[in-house]
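Chemist: Build the full structure now, drawing on both the sequences and the hints.
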Amino acid sequence: MSHEYVPEIATDREGNEHEVQGWQDDLYAGKLGFWLFMLTEVMMFGAMFLALAYYNTLHPQDFLDASASLNRLLGGTNTVILLVSALTMGLGLLKMRAGDVKGAKLMIWATIILATAFLIIKGFEWTAEYNHGIFLLHDKLLPESDLAFGQKLFFGLYFSMTGLHGVHIIIGIGLMLWLLKRINAGQVSTKHHILHWNIALYWDIVHLIWVFVFPYYYMIGAGGATGGH
Amino acid sequence: MDTNTVNYQKERASYYKVLVGLLLLTAVTFIQPHMFMTESTFVAQMLIAVVKAYLIVMYYMHLKGEKLITAMVWFSLSLVLVFFIIVIGIDVSNFQFGAESHITTAAEHSVGAAHATPAAH
Numbered sequence: 093m094s095h096e097y098v099p100e101i102a103t104d105r106e107g108n109e110h111e112v113q114g115w116q117d118d119l120y121a122g123k124l125g126f127w128l129f130m131l132t133e134v135m136m137f138g139a140m141f142l143a144l145a146y147y148n149t150l151h152p153q154d155f156l157d158a159s160a161s162l163n164r165l166l167g168g169t170n171t172v173i174l175l176v177s178a179l180t181m182g183l184g185l186l187k188m189r190a191g192d193v194k195g196a197k198l199m200i201w202a203t204i205i206l207a208t209a210f211l212i213i214k215g216f217e218w219t220a221e222y223n224h225g226i227f228l229l230h231d232k233l234l235p236e237s238d239l240a241f242g243q244k245l246f247f248g249l250y251f252s253m254t255g256l257h258g259v260h261i262i263i264g265i266g267l268m269l270w271l272l273k274r275i276n277a278g279q280v281s282t283k284h285h286i287l288h289w290n291i292a293l294y295w296d297i298v299h300l301i302w303v304f305v306f307p308y309y310y311m312i313g314a315g316g317a318t319g320g321h
Numbered sequence: 090m091d092t093n094t095v096n097y098q099k100e101r102a103s104y105y106k107v108l109v110g111l112l113l114l115t116a117v118t119f120i121q122p123h124m125f126m127t128e129s130t131f132v133a134q135m136l137i138a139v140v141k142a143y144l145i146v147m148y149y150m151h152l153k154g155e156k157l158i159t160a161m162v163w164f165s166l167s168l169v170l171v172f173f174i175i176v177i178g179i180d181v182s183n184f185q186f187g188a189e190s191h192i193t194t195a196a197e198h199s200v201g202a203a204h205a206t207p208a209a210h
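Just so you know, the sequences run in chain order A and B. Position one of the first sequence corresponds to residue 93 (my numbering), numbered consecutively onward. Position one of the second sequence corresponds to residue 90 (my numbering), numbered consecutively onward.
These are calculated hints, taken from the structure and not from any lab test. Using N, Cα and C, we set each Cβ at its ideal position, and we do this for glycine too. Treat the hints loosely; a few may be bogus.
Said to hold, decoys possible - Taking lysine to aspartate or glutamate and the EDC-like style, the derived pairs with C-alpha atoms no more than 20 Å apart in a straight line are:
hint: 1; chain 1: A; residue 1: K123; chain 2: A; residue 2: D296
hint: 2; chain 1: A; residue 1: K197; chain 2: A; residue 2: D118
hint: 3; chain 1: A; residue 1: K197; chain 2: B; residue 2: E100
hint: 4; chain 1: A; residue 1: K123; chain 2: B; residue 2: E128
hint: 5; chain 1: B; residue 1: K153; chain 2: A; residue 2: D296
hint: 6; chain 1: B; residue 1: K106; chain 2: A; residue 2: E217
hint: 7; chain 1: A; residue 1: K232; chain 2: A; residue 2: E217
hint: 8; chain 1: A; residue 1: K232; chain 2: A; residue 2: D118
hint: 9; chain 1: B; residue 1: K156; chain 2: A; residue 2: E217
hint: 10; chain 1: B; residue 1: K153; chain 2: B; residue 2: E100
hint: 11; chain 1: A; residue 1: K283; chain 2: A; residue 2: E111
hint: 12; chain 1: A; residue 1: K194; chain 2: B; residue 2: E100
hint: 13; chain 1: A; residue 1: K214; chain 2: A; residue 2: D296
hint: 14; chain 1: A; residue 1: K123; chain 2: B; residue 2: D180
hint: 15; chain 1: A; residue 1: K232; chain 2: A; residue 2: E221
hint: 16; chain 1: A; residue 1: K283; chain 2: B; residue 2: E100
hint: 17; chain 1: B; residue 1: K99; chain 2: A; residue 2: D192
As the list claims (entries may be wrong) - Some chain B residues well away from chain A (every beta-carbon gap over 10 Å; in silico):
hint: 18; residue: E100
hint: 19; residue: A138
hint: 20; residue: A142
hint: 21; residue: K153
hint: 22; residue: T193
As the list claims (entries may be wrong) - Here are the computed distance ranges between Cβ atoms for each label pair:
hint: 23; chain 1: B; residue 1: F173; chain 2: A; residue 2: E111; range: 26 to 36 Å
hint: 24; chain 1: A; residue 1: T169; chain 2: B; residue 2: Y105; range: 13 to 23 Å
hint: 25; chain 1: A; residue 1: Q153; chain 2: B; residue 2: S103; range: 42 to 52 Å
hint: 26; chain 1: A; residue 1: D231; chain 2: B; residue 2: A102; range: 28 to 38 Å
hint: 27; chain 1: A; residue 1: A139; chain 2: B; residue 2: R101; range: 30 to 40 Å
hint: 28; chain 1: B; residue 1: M126; chain 2: A; residue 2: I212; range: 50 to 60 Å
hint: 29; chain 1: B; residue 1: S167; chain 2: A; residue 2: L166; range: 31 to 41 Å
hint: 30; chain 1: B; residue 1: E189; chain 2: A; residue 2: G248; range: 16 to 26 Å
hint: 31; chain 1: A; residue 1: E111; chain 2: B; residue 2: I177; range: 30 to 40 Å
hint: 32; chain 1: A; residue 1: L256; chain 2: B; residue 2: V176; range: 12 to 22 Å
hint: 33; chain 1: B; residue 1: F173; chain 2: A; residue 2: T103; range: 51 to 61 Å
hint: 34; chain 1: A; residue 1: A121; chain 2: B; residue 2: L168; range: 21 to 31 Å
hint: 35; chain 1: B; residue 1: I177; chain 2: A; residue 2: G255; range: 18 to 28 Å
hint: 36; chain 1: A; residue 1: D238; chain 2: B; residue 2: K156; range: 18 to 28 Å
Modeler: Next up, the structure:
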C-alpha cells in the first residue's frame, strides 16, 4: 500500500483549482497536538490523585499503615527500570535524528525489554498481595472484612492507579512495536520522525506519572515514627 | 551516520546527566524517611517528585525553550491545582457529613448511622 503524498485540490467559486497545503511534515504541529493529548492524561491521573488526596485527608493514619505494608524493594526496582527505559527511549530518538537508524532500533528494543521487566515485577508484586488477601473484591478488601476502612480505600486506589498505569505500559509496548514496523517499512526515517518523537513523549509521560505514583503509595509510610510499622 | 555533530554529543551528555540526577533523587527518596524531614515525609516525597518531574519535562520531553507548549502545560496544571484547592482545601476542611458518609466509615456502619439519624429526630 502506497503512502505517497497526494495533494488535495480545492476549487473556488470561479472554478479555479488550488492545491491545499499539506502539513504532514509539520513537526511542531505534531508535537503540539500530542502535548494536548498528554494534558488530558495529566487531568485524568490528576483526578485520581485528587481522590487519593481526598481520602488521605480523611484517613491519614490508615493510609500511612497501608503504605508501610507495600513492598518498597520491588516498587523501587520498577522505579529504576522506568528511569533507565526513559533514557533508552530518549537516546533512540536522538540516534534516529542523528541518522543512526540501527542504533535507534536497538534502543527501542531495549525500552521494550525494560517495559516488559516492569510488568513482570508488577505481576509478582500483585500476586504476593493477592496471596496476602489484598486484592480488588477479594478477602481483606471485601466490605465485611475487619481491615481498617481507610486501608481498604488506599488499596482500592492503589490497584486502580497502578493498574491503569500498567495498561499505559502495555499500550506503550504496542506503540513501540508499531514504531519498529514503521521504521522497517521506511515510513519513519531520519527526516520523518514525528511518530518516533511522539511515542518517546508518550513514554516520558508514563514515566512521569510513576514519578508521583511511587512516592505517594510506597514511601509516605516508610518512616518508622509516622509509618505505623 | 552522522553522530559526531555537536548537537548529538551535547544532547547525549545532557541525557546522561539527567539520568544521574534522577538516580540520585531516587536514592534520596529512599533515605529521606530515615534521614531528614522525618515528620513531614509526605511533603518531602512530593517535593522530590516535583524536582524529578521538572528534569524529565524540561530535558527528556524537550520543553525547555518551547514557549507555547510551556504555557499550555502551566494552564493545565493550574486547572488541576484549582480543583485540588477547592476539593481538599475548602470542601474537605469543612466536611459536615462524617456521621452518615460512606467515605469516612465503612458502608455497613454508615447504613447504621443513616438509620440512627432519622430515629434521633
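Chemist: Hints first: check each against the structure and report whether it holds.
Modeler: Now the hints, each set against the structure:
Between the alpha carbons of K123 of chain A and D296 of chain A the distance comes to roughly 13 Å, so the proposed pair stays at or under 20 Å and holds. Under the criterion of a C-alpha separation no larger than 20 Å, the hint pairing K197 of chain A with D118 of chain A is inconsistent with the structure, at around 23 Å. Among the hinted pairs, K197 of chain A with E100 of chain B is consistent with the structure: their alpha-carbon atoms are about 18 Å apart, no more than 20 Å. Only pairs whose Cα atoms come within 20 Å are accepted, and K123 of chain A paired with E128 of chain B is rejected, the gap being roughly 42 Å.
Under the criterion of a C-alpha separation no larger than 20 Å, the hint pairing K153 of chain B with D296 of chain A is consistent with the structure, at around 15 Å. Under the criterion of a C-alpha separation no larger than 20 Å, the hint pairing K106 of chain B with E217 of chain A is inconsistent with the structure, at around 31 Å. Simply put, K232 of chain A and E217 of chain A have alpha-carbon atoms about 17 Å apart, close enough for the 20 Å limit, and the pair holds. With a C-alpha separation of about 53 Å, the suggested pairing of K232 of chain A with D118 of chain A is violated against the 20 Å cut-off.
Restraint check for K156 of chain B and E217 of chain A: not satisfied, since their Cα atoms lie roughly 41 Å apart, outside the 20 Å limit. Annotation: proposed proximity of K153 of chain B to E100 of chain B holds, straight-line Cα distance about 13 Å (limit 20 Å). Between K283 of chain A and E111 of chain A the alpha-carbon distance is near 23 Å, which puts this suggested pair outside the 20 Å criterion. Distance check on the hinted pair: K194 of chain A and E100 of chain B sit about 19 Å apart at the alpha-carbon level, within 20 Å; holds.
With a CA separation close to 19 Å, the supplied pair K214 of chain A and D296 of chain A stays within the 20 Å bound. A hinted pair counts as satisfied when its Cα atoms are at most 20 Å apart, and K123 of chain A with D180 of chain B does not qualify at roughly 37 Å. Among the hinted pairs, K232 of chain A with E221 of chain A is consistent with the structure: their alpha-carbon atoms are about 11 Å apart, no more than 20 Å. For the hint pairing K283 of chain A with E100 of chain B, the CA-to-CA distance comes to about 18 Å; that is within 20 Å, so the pair holds.
Between the alpha carbons of K99 of chain B and D192 of chain A the distance comes to roughly 16 Å, so the proposed pair stays at or under 20 Å and holds. Non-interface status of E100 of chain B relative to chain A is broken: a Cβ of that chain comes within 10 Å, the nearest being about 6 Å off. Once the 10 Å rule is applied to beta carbons, A138 of chain B is inconsistent with being away from chain A; the minimum gap is 5 Å. Non-interface call for A142 of chain B relative to chain A: violated, since the shortest CB-CB distance, roughly 5 Å, does not exceed 10 Å.
Taking the minimum C-beta to C-beta distance to chain A, about 13 Å, the non-interface status of K153 of chain B holds against the 10 Å cut. Separation of T193 of chain B from chain A is inadequate, the least Cβ-Cβ distance of about 6 Å not exceeding the 10 Å criterion. Distance hint check for F173 of chain B and E111 of chain A: the Cβ-Cβ separation is about 49 Å, which falls outside the suggested range of 26 to 36 Å. Distance hint check for T169 of chain A and Y105 of chain B: the Cβ-Cβ separation is about 21 Å, which falls inside the suggested range of 13 to 23 Å.
With their beta carbons about 43 Å apart, Q153 of chain A and S103 of chain B fall inside the hinted range of 42 to 52 Å. Take D231 of chain A and A102 of chain B: their Cβ atoms lie about 51 Å apart, and the range 28 to 38 Å is violated. Judged by the Cβ atoms, the range 30 to 40 Å given for A139 of chain A and R101 of chain B holds: they are separated by roughly 37 Å. Our hint of 50 to 60 Å for M126 of chain B and I212 of chain A is violated, since their Cβ atoms are close to 34 Å apart.
Taking 31 to 41 Å as the suggested C-beta distance range, the pair S167 of chain B and L166 of chain A conforms, at roughly 35 Å. Taken as a hint, the range 16 to 26 Å holds for the pair E189 of chain B and G248 of chain A, whose Cβ atoms sit roughly 21 Å apart. For the pair E111 of chain A and I177 of chain B, the beta carbons lie near 54 Å from each other, so the given range of 30 to 40 Å is not met. Between L256 of chain A and V176 of chain B the beta carbons are some 20 Å apart, a value that agrees with the proposed interval 12 to 22 Å.
With their beta carbons about 52 Å apart, F173 of chain B and T103 of chain A fall inside the hinted range of 51 to 61 Å. Taken as a hint, the range 21 to 31 Å holds for the pair A121 of chain A and L168 of chain B, whose Cβ atoms sit roughly 23 Å apart. Under the hint 18 to 28 Å, the C-beta atoms of I177 of chain B and G255 of chain A, about 24 Å apart, fit the expected range. Look at D238 of chain A against K156 of chain B: about 55 Å separates their beta carbons, and that is not inside 18 to 28 Å.
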